[in-house]
Amino acid sequence: MKANVGGIDRVARIEAGVVLIGLAATGTVGVWGWIGVVPLATGLSGWCPAYLPFGLSTCKMKK
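Residue numbers are given in my numbering: position 57 of the sequence shown equals residue 57, and the series is strictly consecutive.
Treat the hints as calculated values from the structure; they're not laboratory data. We put the beta carbon where it would ideally sit given N, CA and C, even for glycine. Take these hints with a grain of salt, some might be off.
[Said to hold, decoys possible] For each label pair, taking beta carbons as the anchor points, the in silico distance ranges come out as: (1) Ile35 with Leu56: 19 to 25 Å; (2) Pro49 with Gly7: 27 to 33 Å; (3) Thr28 with Lys60: 19 to 25 Å; (4) Lys62 with Gly27: 41 to 47 Å; (5) Thr26 with Met61: 39 to 45 Å; (6) Ala50 with Val18: 36 to 42 Å.
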């Protein structure tokens with residue numbers, strides 16, 4: 001598994017995941033808020049399977 005999520009993308013995913021999970025836990029958005037587990041997991045791991053088919057990466061390129 002090669003990292004393909006970096007920097008700002010990673011921070012945004014973690015924040016979005018935490019917010020969605022928090023809203024779901026308090027009952028504000030209902031069951032669909034638990035989808036926040038996905039961006040949280042991809043942000044923490046630094047790898048997103050949805051980027052693979054498109055060859056995308058937000059990590060900085062090594063020289």
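Non-conforming hints, listed in increasing numerical order: 2, 3, 6
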